[in-house]
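Required output: the full structure, derived from the provided sequences and hints.
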Amino acid sequence: MGVSVARIRVLVVDDHRIFAESLAAALAAEPDVDVSAAGSGPAALRCLERASAEGRRYDVMLVDAELGILAANGVRVPAPRAAPDGGPGPSGPVDGISLVTGVRSTQPHLRTVVLAERDDPRRAAMALQAGASGWVAKDCSLQRLLAVIRGVLRDETHLPAALLTGVLRELTAARKHRTESEQLVESLTPREREVLRCMVAGLGRKAVAERLFLSPHTVRTHMQNVLGKLGVHSTLAAVALARRAGVGPAPLTGDVVERGGQLA
Numbered sequence: 345m346g347v348s349v350a351r352i353r354v355l356v357v358d359d360h361r362i363f364a365e366s367l368a369a370a371l372a373a374e375p376d377v378d379v380s381a382a383g384s385g386p387a388a389l390r391c392l393e394r395a396s397a398e399g400r401r402y403d404v405m406l407v408d409a410e411l412g413i414l415a416a417n418g419v420r421v422p423a424p425r426a427a428p429d430g431g432p433g434p435s436g437p438v439d440g441i442s443l444v445t446g447v448r449s450t451q452p453h454l455r456t457v458v459l460a461e462r463d464d465p466r467r468a469a470m471a472l473q474a475g476a477s478g479w480v481a482k483d484c485s486l487q488r489l490l491a492v493i494r495g496v497l498r499d500e501t502h503l504p505a506a507l508l509t510g511v512l513r514e515l516t517a518a519r520k521h522r523t524e525s526e527q528l529v530e531s532l533t534p535r536e537r538e539v540l541r542c543m544v545a546g547l548g549r550k551a552v553a554e555r556l557f558l559s560p561h562t563v564r565t566h567m568q569n570v571l572g573k574l575g576v577h578s579t580l581a582a583v584a585l586a587r588r589a590g591v592g593p594a595p596l597t598g599d600v601v602e603r604g605g606q607l608a
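Counting from 1, position 223 in the sequence shown corresponds to residue 567 in our numbering; the numbering is continuous, with no gaps.
Treat the hints as calculated values from the structure; they're not laboratory data.
Predicted model, so just to flag it, every value in this text is computed and none were measured.
Check each hint, because a few of them may be wrong.
[Said to hold, decoys possible] Label-pair restraints from in silico Cβ distances:
1) R535 <-> L497: 18 to 24 Å
2) E500 <-> T533: 55 to 61 Å
3) H561 <-> D499: 49 to 55 Å
4) N569 <-> E524: 33 to 39 Å
5) E526 <-> D376: 41 to 47 Å
6) E530 <-> E500: 49 to 55 Å
7) A584 <-> R488: 33 to 39 Å
8) E524 <-> E374: 42 to 48 Å
9) D376 <-> R466: 31 to 37 Å
10) A372 <-> H577: 51 to 57 Å
11) D499 <-> R390: 34 to 40 Å
12) Q568 <-> H360: 43 to 49 Å
13) E500 <-> A372: 20 to 26 Å
14) R564 <-> G399: 16 to 22 Å
We put the CB at the ideal spot given by N, CA and C, even for glycine.
What follows is the structure, encoded as structure tokens:
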């Protein structure tokens with residue numbers, strides 16, 4: 345009688361079809377690996393959802409760091425990405441790191457490994473912050489990749505040795521910026537924090553006024569105070585700082601809201 349072998353279910357996500365199919369075929373040759381491939385972020389999400397519904401969820405996702413949509417002329421055009429809080433975002437570039445962020449809350453068991461064409465300490469640090477368990481060069485050996493796949497399932501974190509110093513430097517700098525941002529946000533009044541969360545949610549001045557039952561003039565004053573206390577000169581900069589500090593968007597209800605308005 346044969347011995348039952350625990351299977352590792354792997355999903356390869358890469359918009360370069362030849363690379364994705366070649367990698368999937370190489371992994372499928374292993375006796376303990378079941379592998380599928382997806383050519384885009386949305387396709388990957390559909391695979392993950394379908395597998396979970398059928399009770400055969402994936403264990404590891406290998407995702408291209410620069411995942412995007414390839415236009416007919418060969419130019420890579422970014423696709424919509426997940427929002428910073430893990431939900432669907434209205435716009436912005438999608439890449440492997442954004443996909444990792446998007447699936448983190450819905451697939452907490454899933455281990456993700458980012459496949460990169462080049463070593464980049466900043467991007468690798470971003471991947472780890474997004475929840476990835478590893479960063480591996482696309483041209484690494486199959487044995488190395490299999491070792492990483494099995495390692496992350498043991499809750500190991502895998503990075504190329506040449507990246508360790510740079511990644512630690514990036515993570516330390518990110519923590520310092522977060523601490524400074526948190527201190528600035530703490531200087532806001534409770535009402536100003538409410539306004540800031542609305543700004544993070546992308547609401548315009550009129551929508552914020554309606555949501556908080558304030559006059560547009562009062563909201564304008566609060567927004568000006570928020571920018572001043574945070575030491576920034578634009579709404580985009582305020583939102584970026586708020587996100588570094590861990591400030592999430594105000595929850596949106598079914599109310600009709602104004603989006604994309606010009607904020608003072």
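Hints, one by one, checked against the model:
no.: 1; hint: R535 <-> L497: 18 to 24 Å; verdict: violated (47 Å)
no.: 2; hint: E500 <-> T533: 55 to 61 Å; verdict: violated (45 Å)
no.: 3; hint: H561 <-> D499: 49 to 55 Å; verdict: holds (53 Å)
no.: 4; hint: N569 <-> E524: 33 to 39 Å; verdict: violated (19 Å)
no.: 5; hint: E526 <-> D376: 41 to 47 Å; verdict: holds (45 Å)
no.: 6; hint: E530 <-> E500: 49 to 55 Å; verdict: violated (36 Å)
no.: 7; hint: A584 <-> R488: 33 to 39 Å; verdict: holds (36 Å)
no.: 8; hint: E524 <-> E374: 42 to 48 Å; verdict: holds (47 Å)
no.: 9; hint: D376 <-> R466: 31 to 37 Å; verdict: holds (35 Å)
no.: 10; hint: A372 <-> H577: 51 to 57 Å; verdict: holds (54 Å)
no.: 11; hint: D499 <-> R390: 34 to 40 Å; verdict: violated (27 Å)
no.: 12; hint: Q568 <-> H360: 43 to 49 Å; verdict: holds (48 Å)
no.: 13; hint: E500 <-> A372: 20 to 26 Å; verdict: holds (23 Å)
no.: 14; hint: R564 <-> G399: 16 to 22 Å; verdict: violated (53 Å)
The earlier numbered hints that this structure contradicts are 1, 2, 4, 6, 11 and 14.
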